[in-house]
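S.K.: Each chain, letter by letter, is given below.
Number of protein chains: 2
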Amino acid sequence: MNYFRPNIEAMAAYQPGEQPRVAKFIKLNTNENPYPPSSAVRRAIETVLDGGLVRYPDPAADVFRRRAAELHGVEPDWILCGNGSDDILTIVTRALVGERERMRMPYPSYILYETLADIQGAQYDPIPYEQDWSLGGTFTSGADDLKLAIIANPNSPSGTQIAPRQIAEFAERLPCPLLVDEAYVDFASADCISLVRENEKVMVARSLSKGYALAGIRFGYLIAQPPLIERFMKVKDSYNCNALAIAAATAAIDDRSWLAEMRTKVLATRTRLIERLRDVGLQVTDSEANFVWATQPELDLGRVYEQLKEMQVLVRYLGYPGWNEGLRISVGTDDQVDAFLNALGATLV
Amino acid sequence: MNYFRPNIEAMAAYQPGEQPRVAKFIKLNTNENPYPPSSAVRRAIETVLDGGLVRYPDPAADVFRRRAAELHGVEPDWILCGNGSDDILTIVTRALVGERERMRMPYPSYILYETLADIQGAQYDPIPYEQDWSLGGTFTSGADDLKLAIIANPNSPSGTQIAPRQIAEFAERLPCPLLVDEAYVDFASADCISLVRENEKVMVARSLSKGYALAGIRFGYLIAQPPLIERFMKVKDSYNCNALAIAAATAAIDDRSWLAEMRTKVLATRTRLIERLRDVGLQVTDSEANFVWATQPELDLGRVYEQLKEMQVLVRYLGYPGWNEGLRISVGTDDQVDAFLNALGATLV
Numbered sequence: 002m003n004y005f006r007p008n009i010e011a012m013a014a015y016q017p018g019e020q021p022r023v024a025k026f027i028k029l030n031t032n033e034n035p036y037p038p039s040s041a042v043r044r045a046i047e048t049v050l051d052g053g054l055v056r057y058p059d060p061a062a063d064v065f066r067r068r069a070a071e072l073h074g075v076e077p078d079w080i081l082c083g084n085g086s087d088d089i090l091t092i093v094t095r096a097l098v099g100e101r102e103r104m105r106m107p108y109p110s111y112i113l114y115e116t117l118a119d120i121q122g123a124q125y126d127p128i129p130y131e132q133d134w135s136l137g138g139t140f141t142s143g144a145d146d147l148k149l150a151i152i153a154n155p156n157s158p159s160g161t162q163i164a165p166r167q168i169a170e171f172a173e174r175l176p177c178p179l180l181v182d183e184a185y186v187d188f189a190s191a192d193c194i195s196l197v198r199e200n201e202k203v204m205v206a207r208s209l210s211k212g213y214a215l216a217g218i219r220f221g222y223l224i225a226q227p228p229l230i231e232r233f234m235k236v237k238d239s240y241n242c243n244a245l246a247i248a249a250a251t252a253a254i255d256d257r258s259w260l261a262e263m264r265t266k267v268l269a270t271r272t273r274l275i276e277r278l279r280d281v282g283l284q285v286t287d288s289e290a291n292f293v294w295a296t297q298p299e300l301d302l303g304r305v306y307e308q309l310k311e312m313q314v315l316v317r318y319l320g321y322p323g324w325n326e327g328l329r330i331s332v333g334t335d336d337q338v339d340a341f342l343n344a345l346g347a348t349l350v
Numbered sequence: 002m003n004y005f006r007p008n009i010e011a012m013a014a015y016q017p018g019e020q021p022r023v024a025k026f027i028k029l030n031t032n033e034n035p036y037p038p039s040s041a042v043r044r045a046i047e048t049v050l051d052g053g054l055v056r057y058p059d060p061a062a063d064v065f066r067r068r069a070a071e072l073h074g075v076e077p078d079w080i081l082c083g084n085g086s087d088d089i090l091t092i093v094t095r096a097l098v099g100e101r102e103r104m105r106m107p108y109p110s111y112i113l114y115e116t117l118a119d120i121q122g123a124q125y126d127p128i129p130y131e132q133d134w135s136l137g138g139t140f141t142s143g144a145d146d147l148k149l150a151i152i153a154n155p156n157s158p159s160g161t162q163i164a165p166r167q168i169a170e171f172a173e174r175l176p177c178p179l180l181v182d183e184a185y186v187d188f189a190s191a192d193c194i195s196l197v198r199e200n201e202k203v204m205v206a207r208s209l210s211k212g213y214a215l216a217g218i219r220f221g222y223l224i225a226q227p228p229l230i231e232r233f234m235k236v237k238d239s240y241n242c243n244a245l246a247i248a249a250a251t252a253a254i255d256d257r258s259w260l261a262e263m264r265t266k267v268l269a270t271r272t273r274l275i276e277r278l279r280d281v282g283l284q285v286t287d288s289e290a291n292f293v294w295a296t297q298p299e300l301d302l303g304r305v306y307e308q309l310k311e312m313q314v315l316v317r318y319l320g321y322p323g324w325n326e327g328l329r330i331s332v333g334t335d336d337q338v339d340a341f342l343n344a345l346g347a348t349l350v
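Protein chains in written order, with our numbering: chain G, 2 to 350; chain A, 2 to 350.
Hints in this document: simulated from the structure, not taken from any laboratory.
Among the clues, some could well be false.
Copies of one chain are not kept apart here, so a pair can be met inside one copy or by any two copies together.
[What the hints assert, rightly or not] Cross-link-like lysine to aspartate or glutamate pairs, in silico, DMTMM-like; alpha carbons within 20 Å at most:
hint : residue 1 : residue 2
1    : Lys310    : Glu131
2    : Lys310    : Glu231
3    : Lys266    : Asp339
4    : Lys266    : Asp335
5    : Lys25     : Asp335
6    : Lys25     : Glu131
7    : Lys25     : Asp51
8    : Lys25     : Glu71
9    : Lys310    : Asp339
10   : Lys25     : Asp126
11   : Lys310    : Glu19
12   : Lys266    : Glu326
13   : Lys310    : Asp287
14   : Lys25     : Asp59
15   : Lys310    : Glu326
16   : Lys266    : Asp256
17   : Lys266    : Glu71
18   : Lys266    : Glu276
These figures come from a predicted structure and were not determined experimentally.
From just these sequences and the hints, can you work out the full model?
M.R.: Shown next as structure tokens:
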């Protein structure tokens, strides 16, 4: 079996995340939204079903592009739609980064960025965050041969956000495009979309999975200047977005009051969760996302994770070699968070 | 703007196919099924909607893999699910073909194979079909440096099929995997699935878009030996299949009587369409697909295509440099085909 590219052979086997199909688990491990999506989503899907599924979907998903463009104050040709924001990240990487070329991303962050570099046969420089999750000038130093930089903003697992002004400075100094992955931005206090107009090197990726409670439909999009979008269009699969997903995503971004109400609830629960975790002695980073990052060097957090799982509460245990370890806990409903806190209390006695 | 890989810059701009959103067009240009999908599909989608879209879908789509494995007499780990069979083709190419490496495919065939080579920065050898759409020993000659060969079987635009025995011989002689793209096989008299067990180099791609009337949901799959599937899993996006699409595809392949009835109708209409086209003097290749390929050197077929379009009948005009030109006409309902034949008659007077 030596048919595969050496970079593919060298990759670790694929590890799907824990997605128990048993309803009784309290699932705070994959940052899904605890609330159902806007009711407009189901109506939009039913309308597509009434019209049938026989035809190919619109290749560019123009109905979504028009609405997203209005929302963000750009033109539709600034928008590229994807089968989840993972598809957007895949398209951007394939278009920009060749074999043995170089990508840069902070560490720790979303592991997919490194995986995409591996699939391309590219090199990458993970730049360590400072202990306070800030990112210094090293992110742009010695970067002449870079083809792509990616920053998750807010970041996972930390939930922290780099200020748009600093992102703009990074983009000025980098020789290559900077993809700002705003998968969690619907829970944050700032975003980087205005930077896209100021600098063609800034690109912003968005996801419908978290803020809009639509992880099941797979829809994400990119905002970038039209000459870049035009080139990415060459790389995407022709019909990369499902007809039901296009309709669902369009209905979802149109329902601004749903988003505002959901956000208010999640942010209130997040504040309470952070306070309670600090009360029991965990170190918790302030969060701009729908999850929190809790560490405590004096505790065996791998063991806490296992004990929580035995009590049917799933959170994410993440250990980063050369960095630290912690629990990433998604902000659920108030009831889910109370159940988690009770279970956690039982592990700490 | 010199951020992009040279192979991406060199590619022609993306050209979506003609998908008029006006219902009055008779659309026989993109080989969609003229009949609505099994009614089980909508029920399956409604069931997912009842459960909600908040969660990520199953990364491997195991519910589909189990049913497809039963259908084809293999185990679930012989199946890889994709966001349309285009996604399958993309995954396979990314896993096997590096920059400056080499792919091979017949010519004329599905243009995507060449596009995928271009995106990889790879080389490709289009091997011309003989005038009778057979493919000789040149397909496997001088092939030492090949990393992937792809044959659409049935082929587009011809609708012809290479016998499984000859495909097996190609696979024996090739140094690399041979992907048999069976997107149109539900309308054919043979398939190559039994070859996958005999030779690890044979892989078969399937689509739900044509035979199952589900172009809108984007679902396809690959049948290959488990060591290959395992490696392709590393390359796919983690959640590449939409939750609604997984349920729809599973319900669709379960409804064998729907498939049999649809096939009987399409094949009867195909026979009639071919006879009538020959009656009016067109040269039509026998077809194993849900479309037919009509040529006639004495006619200006580009002009016929334009005239049909003016009469709101869309077919596909395809010209292949160094080869010939023709009209590819999808097999619609009997009424659609009658309307096409009437319009065609008007262009020929």
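S.K.: For each hint, tell me whether it holds in the structure or not.
M.R.: Hints versus structure:
no., hint, in the structure
1, Lys310 with Glu131, "neither (31 Å within a copy, 63 Å between copies)"
2, Lys310 with Glu231, "neither (46 Å within a copy, 28 Å between copies)"
3, Lys266 with Asp339, "within (15 Å within a copy, 59 Å between copies)"
4, Lys266 with Asp335, "within (9 Å within a copy, 56 Å between copies)"
5, Lys25 with Asp335, "within (16 Å within a copy, 52 Å between copies)"
6, Lys25 with Glu131, "neither (38 Å within a copy, 61 Å between copies)"
7, Lys25 with Asp51, "between (34 Å within a copy, 17 Å between copies)"
8, Lys25 with Glu71, "neither (41 Å within a copy, 30 Å between copies)"
9, Lys310 with Asp339, "within (15 Å within a copy, 63 Å between copies)"
10, Lys25 with Asp126, "neither (41 Å within a copy, 55 Å between copies)"
11, Lys310 with Glu19, "within (11 Å within a copy, 52 Å between copies)"
12, Lys266 with Glu326, "neither (28 Å within a copy, 61 Å between copies)"
13, Lys310 with Asp287, "neither (25 Å within a copy, 61 Å between copies)"
14, Lys25 with Asp59, "between (39 Å within a copy, 17 Å between copies)"
15, Lys310 with Glu326, "within (17 Å within a copy, 63 Å between copies)"
16, Lys266 with Asp256, "within (16 Å within a copy, 44 Å between copies)"
17, Lys266 with Glu71, "neither (26 Å within a copy, 46 Å between copies)"
18, Lys266 with Glu276, "within (16 Å within a copy, 66 Å between copies)"
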